[in-house]
Amino acid sequence: GESVGLHLPTLSVQEGDNSIINCAYSNSASDYFIWYKQESGKGPQFIIDIRSNMDKRQGQRVTVLLNKTVKHLSLQIAATQPGDSAVYFCAERATYNTDKLIFGTGTRLQVFP
Amino acid sequence: NAGVTQTPKFRVLKTGQSMTLLCAQDMNHEYMYWYRQDPGMGLRLIHYSVGEGTTAKGEVPDGYNVSRLKKQNFLLGLESAAPSQTSVYFCASTAGQGTQYFGPGTRLTVT
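Protein sequence lines correspond, in order, to chains E and X. The numbering of the first sequence is this note's numbering, which starts it at 313 and goes up by one. The numbering of the second sequence is this note's numbering, which starts it at 11 and goes up by one.
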């Protein structure tokens, strides 16, 4: 809904450009990471995931990069479209607590024509 | 498959009233979760369940209770609602491999 993400960092891109959304995670022992997309008024939707034994994974128009040295995760969206406008969350799974995910606060992506 | 569904979608309560939010999933997932989402904050885990008949506390459990009598359903109860419980509530489920699938959310306002 509109109340979600009122004070979130915002990335504004032009349609057709590439977008890069960044996330710093907290636990060096985390073994699994997920990116979610949340459109206004909807629940988070799975986009792509990556395990800690990888540093890159590609999907359709999306790529996730993992840098364990600096505990950094990024989501790259190629040829950004208006339909990509949403709030994007990263989530990590800490190996000591495999039933739960820890979510970041999110980044709002705005796509302009 | 409908995936994860939540009822109701919206609700307004007065302080002190009680209500139950229902989450249902048709993916035969073992794990189910209840989160709340507030402006400027990430999803915070209220309670979760690793199987039928089990529940456990999450990060912010106070003021909420849950039950998992059937594998496909996970209920979240507010016994005496407070304005601080005004939020958007999301249910999620997973087979246990990490990726959680979310419902559409319930927007709750407590006046």
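Don't read these hints as lab results, they were simulated from the structure. Just to be clear, a hint being listed does not mean it is correct.
Derived lysine-lysine pairs resembling PhoX-like cross-links, with alpha carbons at most 25 Å apart [as the list claims (entries may be wrong)]: (1) E:K383 - E:K368; (2) X:K81 - X:K19; (3) E:K380 - E:K368; (4) E:K412 - E:K380; (5) X:K24 - E:K412; (6) E:K383 - E:K354; (7) E:K412 - X:K80; (8) X:K80 - X:K24; (9) X:K67 - E:K412; (10) X:K81 - E:K412; (11) X:K80 - X:K67; (12) X:K67 - X:K81.
On a predicted model such as this, the values are computed, not experimentally measured, just so you know.
Now the hints, each set against the structure:
1. Distance restraint check for K383 of chain E and K368 of chain E: the Cα-Cα separation of roughly 14 Å lies within the 25 Å cut-off, and the hinted pair is therefore satisfied.
2. The straight-line distance between the Cα atoms of K81 of chain X and K19 of chain X is roughly 22 Å, inside the 25 Å bound, and the hint therefore holds.
3. For the hint pairing K380 of chain E with K368 of chain E, the CA-to-CA distance comes to about 11 Å; that is within 25 Å, so the pair holds.
4. A distance of roughly 20 Å separates the Cα atoms of K412 of chain E and K380 of chain E; the hinted pair therefore holds under the 25 Å criterion.
5. Taking the CA atoms of K24 of chain X and K412 of chain E, the gap is near 32 Å; set against the 25 Å cutoff, the hint is violated.
6. Only pairs whose Cα atoms come within 25 Å are accepted, and K383 of chain E paired with K354 of chain E is rejected, the gap being roughly 29 Å.
7. Distance check on the hinted pair: K412 of chain E and K80 of chain X sit about 21 Å apart at the alpha-carbon level, within 25 Å; holds.
8. Restraint check for K80 of chain X and K24 of chain X: not satisfied, since their Cα atoms lie roughly 30 Å apart, outside the 25 Å limit.
9. With a CA separation close to 11 Å, the supplied pair K67 of chain X and K412 of chain E stays within the 25 Å bound.
10. With a C-alpha separation of about 18 Å, the suggested pair K81 of chain X and K412 of chain E falls inside the 25 Å cut-off, and the hint holds.
11. For a cut-off of 25 Å, the pair hint linking K80 of chain X to K67 of chain X stands: about 18 Å separates their Cα positions.
12. Restraint check: the Cα-Cα separation between K67 of chain X and K81 of chain X comes to about 18 Å, which is no more than 25 Å; the hinted pair holds.
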